[in-house]
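Protein sequences appear in the order of chains A and B. So the first sequence is numbered by this note's numbering: it starts at 1 and just counts up by one. So the second sequence is numbered by this note's numbering: it starts at 1001 and just counts up by one.
Do not take every clue at face value.
Heads up, simulated EDC-like pairs for lysine to aspartate or glutamate below, C-alpha to C-alpha not over 16 Å straight-line [to be verified]:
1. B:LYS1138 x B:ASP1232
2. B:LYS1253 x A:GLU6
3. B:LYS1138 x B:ASP1055
4. B:LYS1270 x B:ASP1101
5. B:LYS1128 x B:ASP1232
6. A:LYS62 x A:GLU16
7. B:LYS1354 x B:GLU1377
8. A:LYS36 x B:GLU1377
9. A:LYS29 x B:GLU1189
10. A:LYS36 x B:GLU1181
11. B:LYS1240 x B:GLU1112
12. B:LYS1226 x B:GLU1209
Below, a sample of chain B positions facing chain A; criterion: calculated Cβ distance under 7 Å [unchecked claim]:
13. GLU1340
14. VAL1348
15. ASP1412
16. TRP1416
Honestly, the hints are just simulated from the structure, not real lab data. Where a beta carbon is used, it is the ideal one built from N, C-alpha and C, also for glycine.
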Amino acid sequence: MSRLAEAKRRLRQQSEHYLLVDSARRLGKGAPGTVKPYRGRDGLAWRLLFVPLYRRVPWAVKRTAMDKLHMTASGWTPPPREPGTPWRPPAPPTRPPEG
Amino acid sequence: MTERLIVIGGGGAGTAAATIAKRLNPDMTVTLFTEFPDIAYSPCGIPFVHGREIDKFESLFLSTVERYVEDGLDMRMETTVTDIDLDRGTVTARNTHEGFDKLVVCTGFVWEKPDVPGSNLAGLHYVKDIRAAMAFDKTLDDMKRVVVLGATPLGVEMAGALGHRGLAVDFVDEGPWALSEVLDPDVAEPVHESLTKRGVTLRFGTSLEGFVEGADGRVRAVATSKGELECDAVVVCLHKMPSAALAEAAGVKTGTTGGIMVDERMRTNKPGVWAAGDVVEVPHGLSMLPIRGLTGSHAYGQGRVAAFNAAGQDLVYDPVWIPWGMVAGDYTIGGFSIGETLATAMGVPYVVAKGVGVSRARYFPGATRTHVKLLAEPDTRKIIGAQIHGGEGVKERSDFLAFAAKRGATLDDLAWMENIYSPPIGALFEPIAIAAQNGLSELRERERATA
Chain A
1 MSRLAEAKRR LRQQSEHYLL VDSARRLGKG APGTVKPYRG RDGLAWRLLF VPLYRRVPWA
61 VKRTAMDKLH MTASGWTPPP REPGTPWRPP APPTRPPEG
Chain B
1001 MTERLIVIGG GGAGTAAATI AKRLNPDMTV TLFTEFPDIA YSPCGIPFVH GREIDKFESL
1061 FLSTVERYVE DGLDMRMETT VTDIDLDRGT VTARNTHEGF DKLVVCTGFV WEKPDVPGSN
1121 LAGLHYVKDI RAAMAFDKTL DDMKRVVVLG ATPLGVEMAG ALGHRGLAVD FVDEGPWALS
1181 EVLDPDVAEP VHESLTKRGV TLRFGTSLEG FVEGADGRVR AVATSKGELE CDAVVVCLHK
1241 MPSAALAEAA GVKTGTTGGI MVDERMRTNK PGVWAAGDVV EVPHGLSMLP IRGLTGSHAY
1301 GQGRVAAFNA AGQDLVYDPV WIPWGMVAGD YTIGGFSIGE TLATAMGVPY VVAKGVGVSR
1361 ARYFPGATRT HVKLLAEPDT RKIIGAQIHG GEGVKERSDF LAFAAKRGAT LDDLAWMENI
1421 YSPPIGALFE PIAIAAQNGL SELRERERAT A
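Take these sequences, add in the hints, and give me the full structure.
Below is the structure:
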């Protein structure tokens, strides 16, 4: 595996972990039956720099950045309607002229 | 010359790929290699045999090796493929080379192993192989206390099952509630209550530090950030890791999740090589980000697509919207795509629409409350995720919503959907429609307030 591929894998793994911990901490506050998630001493840079920065960037910009970094799937037909596009009924099939 | 297809792996994807390819192209020689002695059983049923909700392991078998041989497959049981040579078109197993024209890689997954002292001790059990499960089950009768590590879907099932069997279970996870990577906190409480009723002690927000060896060389206790937990065995239920090393060594590309990268025809970057199941990554329909470690039905579907294309036909697999559902203790939970926790983590904008209905006419015996939470895009109101919990109908609603989202349904579509009203099976008001109507009312209120 190339260094770039390894770096992308690590970026994905670490960012997912710290974003999820942050999200659970925010949403779980005051929810019955929940506790604080475990927080170790590792990952200071992820917690204090990456997570707050990521949260400030709009989703559309993040999506574009993920595309540019080739972190989204290629070789696949995207869903018929991208997020943000209003739904329209499919066009009726065209019929050949009669007669 | 007869075309030769080799399938590596005998799980859901591998058996689907081999049997369907043979059916589509009977002239093709299809050989299936698996390292295990058994095939065509449901590993997902194992926790429920441990919990004695299913009487015996034999009930989990769906077919036999002989049946596949009768269907014309060349079955190589207990035969581990150790090398793939794509230039020569051979695989190596038991020091002999076997030629192929086409290859489908379905090597599945292994469970993540904890990176702490003592992780090689005897007494740590991973739920996967049915024979190992049978052997573990026999030892359970002599045990009193078990630690289940990891509040993943399997962890929740195992904790609930072992509690149901009468064992004292310590359920350990770093997260703040059960299934915190999937489930939202407002759904956690009934799940926790149900598990606790089965004798499970919840130890969330607790980190694993190591496994403590006893005088007999087996695990005696689990060391955690909140002290030691004495136990007779540990069931490790962390994340699924793709078994992609064999394919990767042959030059097949893997992606950001560690899974094999495939296109919508399950083709890898190498000509004549397809892959399917837990070893591949496929895109999520909302974000197009690759994900992996899905369900048995996803594995079967991907194996089917690989089979069609390897047999010379043309079939594509869609990005996934992941309907999911399970019984946590005695409580049914489910949903599709993402919940609030994941949407917040990803930074996806969303509005929430919540509603509670009943599964049958309210006066009909056995009616249960069904809670529905929908997530929708704020601007288009297109649904992007849901969480459902209660009694009956969680699975069907989750399946339906995943399909509706795939086709671009909005809150407006769901608010006035048609539904069955028949007292024994459905109430007048559909819980999904109630949630969507509530969501739309809230959006109108917000618009009025900001106007």
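Consistency of the hints with the structure:
1. B:LYS1138 x B:ASP1232: holds (13 Å)
2. B:LYS1253 x A:GLU6: Judged against 16 Å, a Cα distance of about 12 Å means the pair holds.
3. B:LYS1138 x B:ASP1055: holds (13 Å)
4. B:LYS1270 x B:ASP1101: holds (12 Å)
5. B:LYS1128 x B:ASP1232: violated (20 Å)
6. A:LYS62 x A:GLU16: This hinted pair holds, its Cα atoms lying about 14 Å apart.
7. B:LYS1354 x B:GLU1377: holds (15 Å)
8. A:LYS36 x B:GLU1377: At roughly 29 Å apart (the allowed maximum being 16 Å), GLU1377 (chain B) and LYS36 (chain A) break the hint.
9. A:LYS29 x B:GLU1189: Roughly 13 Å between the alpha carbons, so the hint for LYS29 (chain A) and GLU1189 (chain B) holds.
10. A:LYS36 x B:GLU1181: holds (14 Å)
11. B:LYS1240 x B:GLU1112: holds (6 Å)
12. B:LYS1226 x B:GLU1209: holds (10 Å)
13. GLU1340: holds (6 Å)
14. VAL1348: Interface hint status for VAL1348 (chain B): holds (5 Å vs cutoff 7 Å).
15. ASP1412: violated (9 Å)
16. TRP1416: violated (14 Å)
Violated hints for the displayed structure, listed by number in ascending order: 5, 8, 15, 16.
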